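Protein chains: 2
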Amino acid sequence: MEARIRMPKLQERIMSADDAAGFIKDGMIVGISGFTRAGDAKAVPMALAERSKRLGTPMHIQLWTGASVAEEVDRVLAEAGIVTRRLPYQSDRLLRDAINRGEVMYTDQHLSLTVEMIRAGQLGRLDVAIIEAVAITEEGGIIPSTSVGNSPTFALMADKVIVELNTRQSALLEGMHDIYLPGARPHREPLPLQEVDQRIGTTFIPVDPDKIVGIVLTDRVDHFVDMVPGDEETDRIAEHLLDFFEYQVKTGQMPPELYPLQSGVGAVSNAVLSGLKHASFRDLTMYSEVLQDSVFELLDSGVLRFASGCAITVTPEHASDVMRRLHEYKDKIILRPQEISNHPELIRRLGIIAMNTALEADIYGNVNSTHVGGTHIMNGIGGSGDFARNALLSVFVTKSTAKGGRISSIVPMVSHVDHTEHDVDILVTEQGLADLRGLAPRERSRLVIEKCVHPDYRDAMIDYVERAEQRGGQTPHILEEALSWHERYRETGTMQVRRPQLAGQR
Amino acid sequence: MEARIRMPKLQERIMSADDAAGFIKDGMIVGISGFTRAGDAKAVPMALAERSKRLGTPMHIQLWTGASVAEEVDRVLAEAGIVTRRLPYQSDRLLRDAINRGEVMYTDQHLSLTVEMIRAGQLGRLDVAIIEAVAITEEGGIIPSTSVGNSPTFALMADKVIVELNTRQSALLEGMHDIYLPGARPHREPLPLQEVDQRIGTTFIPVDPDKIVGIVLTDRVDHFVDMVPGDEETDRIAEHLLDFFEYQVKTGQMPPELYPLQSGVGAVSNAVLSGLKHASFRDLTMYSEVLQDSVFELLDSGVLRFASGCAITVTPEHASDVMRRLHEYKDKIILRPQEISNHPELIRRLGIIAMNTALEADIYGNVNSTHVGGTHIMNGIGGSGDFARNALLSVFVTKSTAKGGRISSIVPMVSHVDHTEHDVDILVTEQGLADLRGLAPRERSRLVIEKCVHPDYRDAMIDYVERAEQRGGQTPHILEEALSWHERYRETGTMQVRRPQLAGQR
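Here the protein sequences line up with chains A and B, keeping their order.
Heads up: the first sequence begins at 1 in the numbering used here, then just goes up one per residue.
Heads up: the second sequence begins at 1 in the numbering used here, then just goes up one per residue.
These aren't lab readings, by the way, just hints derived from the structure by calculation.
Any given hint might turn out to be false.
[As the list claims (entries may be wrong)] One side only, chain B facing chain A, incomplete, derived with CB under 8 angstroms:
| no. | residue |
| --- | --- |
| 1 | Asn100 |
| 2 | Gly102 |
| 3 | Met105 |
| 4 | Thr107 |
| 5 | Gly121 |
| 6 | Gln122 |
| 7 | Pro344 |
| 8 | Arg349 |
| 9 | Thr375 |
| 10 | Ile381 |
| 11 | Glu443 |
| 12 | Arg471 |
| 13 | Gly472 |
| 14 | Gly473 |
| 15 | Leu479 |
| 16 | His486 |
This structure is a prediction, so every number in the text was calculated from the model and none was measured.
Here a beta-carbon is modelled for each residue, glycine too, at the ideal position from N, C-alpha and C.
So that you can see chain A by itself, here it is in the shape it has in the complex:
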């Protein structure tokens, strides 16, 4: 254990998860490590749920994280009814249901912004931080595990810090992190990062060792989950986008190594990244949030030169292989705080190509990333806003239909707006790619219909636009009809209008 806890006096603070959970009192704000189910504090949150049960009267806490944490954490705490407020991102089914029932107050935030608000005192005082680590340095610095998330600010701002020292996480992770904390405003220095592979900070999270009240030894693996597999449609989306990139290079609008890539998580993103293997690009770089399966394949094949991210989130199938070969990636990967991986300053400076997934988009290019039917949260806005707003090129991808064709993912008006037309340059479905840059809304609608809308919905959409344009306007709409496709789905189970002859046959 001396190799993992190198500050002797801290070795005395090893305790059980249950004892550590005892530091958490009713009404407290608790911040835990974790980003896309990587490197989350696991043992203490679970012990807290047990403890709360034992107490009889359930405890209530506010839970802050980096992004989504393992289902076993969010789910267990949600089931125990402990969490009253949750931020800034989640993706657990049970917690989501509790949120949509109005039982948990969920503050969905741009992932780069949470720590700014915490440090500015805008979200309340953080009582306890629980951070998973692979080691503690001689000075008491915390070496995080598979993600960095918001942990550096949690460690800075919390009254008490609990470390979950996870011996199952690879010791090779040490040295892969780059921890940087921006100074206080208004007299902050520029972030010194100018290159994707540049180090600007320390390999550990600085923390006052006296604040470390407990160290809990664990050996739980990250609870990664399988990805929805790709299909013909995700492949076609990838093809459209890769064709576009190749054309940009051929016509000199982009360099052969493109620009640093950001990619959301999911089947479409994975298809796009995998497609890069077969394209003619070389020496690519990533400046993204999550490093997923395809990133490691691209590093292996040499197509990708370097990847900067905030978390390593791979499927169970690939996890052990990636972790075993971590030494091969030592010089090809840096893990940063999400504030830095998603920072507007850096995204704008580096000229990122941002690729994110839309739940639905409208004919004018507004995007809904979060709310099913305009009301029920799926996961959250995540980093999509950080990237889309500041990117050199902002791409959104979605299949043109969902639910077996009963939902058109392109609608007259999105039922919830996460990204406005100003932040959406390129929209891609399996039908095609619409390059919306520099176009006015009336041009955008025609192009989106031509390129992206599924043929089953095209006529209805053209009909809508033509009638809307008769009413005039920069962004023509018929307000009483604009959300009628969603209403129709809600009432009839499909967005498709029953054809009159069919209706007559009834």
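Since the structure of chain A is already known, use the hints to place chain B on it.
Then chain B, alone, in the frame of chain A:
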């Protein structure tokens, strides 16, 4: 003239506005200086309209500017039917009508982004730039007049540059500008600006003198317009906001000098700024777009220590006084390119308090800044997105009603989204101030109704929210009703529901 055109060989290029307009051919893209009617190229655009008339067949051009230009420019060109595409902002009534009729394609953009897109070749090739200047340096550098706008990038990227040397503009403007052009991506250096009053560039716009094909001498004054005067409601909005700031200082959440202020243009903003005179704040700074009347009053009274902006736009009443006393403001004002005044990197770094005006807002804090009735553009998104997204504190202000109470500015769902709930921290009407930081949508709606909604609409709004919440969701809505307030206004001339007893009396 030697004092104004200091590079001898350029003195030979003086020509008439008509001759200069001759450089502009059908189908060209033309970029002109100008931001909020300050420092716009005036003579050549007007000559172009005349020339087009003479030719019989109207010419067509795309017109790029900094932001809004004088009505005499946008109006004259719109009347002549010359402009087929316009970006990134406008505020002329005639042009607006042509846009809403679909005759002019209007690309409404975040004001910091236009030049990034131009330099990345995403908007096409700029043929001719026309830039108003107060002088040309020995090296051919252009000293802009009352605004900087997008002129540095226009001068860099245009094939040909025409200078409108305006002898009516004060020669004292020389030295007040700070011109900085960020480098190419992805290897760009950090913007070195760390303080509101810091100079990071040159006092002139660098340009290859061989590109200057013509210099036109003019003496037209900036066509500033009167501001809608404040009233009791704008005063109350200001009071609410100033009370909030004072409380922030009193409780140690903000320093006595607050943070650098950004303020939109208009009666409410002016009321807030004027209110600062009577409050206890001192040594304030501004990092904003437009320096309007109240900014100079605050500088005069010593409340404001320094103001950084992109344009000086004062009312006709104050213009001559401000220009006459410009020497008094030499050390208190810097005019920057709009890319720098609005840069996400700097807004985030400096920790700006952003104050912008909403056309309408909804109960969840989404804001519509641009589209009347969800369809017809008023002006454009301007810099509000640059500031609101990256600010330390993002404030939106609006009167709770419009059109004599027949419109509620707070609605169940905005008919067009420019700023999502994630970018709106504080919402203020004359009714009160809602501090939405860290709240979930279901909490936001209750607070907005309590603090901001006009009493005439409060019951209807509570009724809507309660019924919507029965359907569940993170952001409860009844989609088929969400935009019904707008429909009702369209059909009946008021958003108010006629009370049954009144309906019965008819």
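Here is what the structure says about each hint:
no., hint, result
1, Asn100, "5 angstroms, holds"
2, Gly102, "6 angstroms, holds"
3, Met105, "4 angstroms, holds"
4, Thr107, "5 angstroms, holds"
5, Gly121, "6 angstroms, holds"
6, Gln122, "5 angstroms, holds"
7, Pro344, "4 angstroms, holds"
8, Arg349, "5 angstroms, holds"
9, Thr375, "3 angstroms, holds"
10, Ile381, "6 angstroms, holds"
11, Glu443, "6 angstroms, holds"
12, Arg471, "7 angstroms, holds"
13, Gly472, "5 angstroms, holds"
14, Gly473, "3 angstroms, holds"
15, Leu479, "5 angstroms, holds"
16, His486, "5 angstroms, holds"
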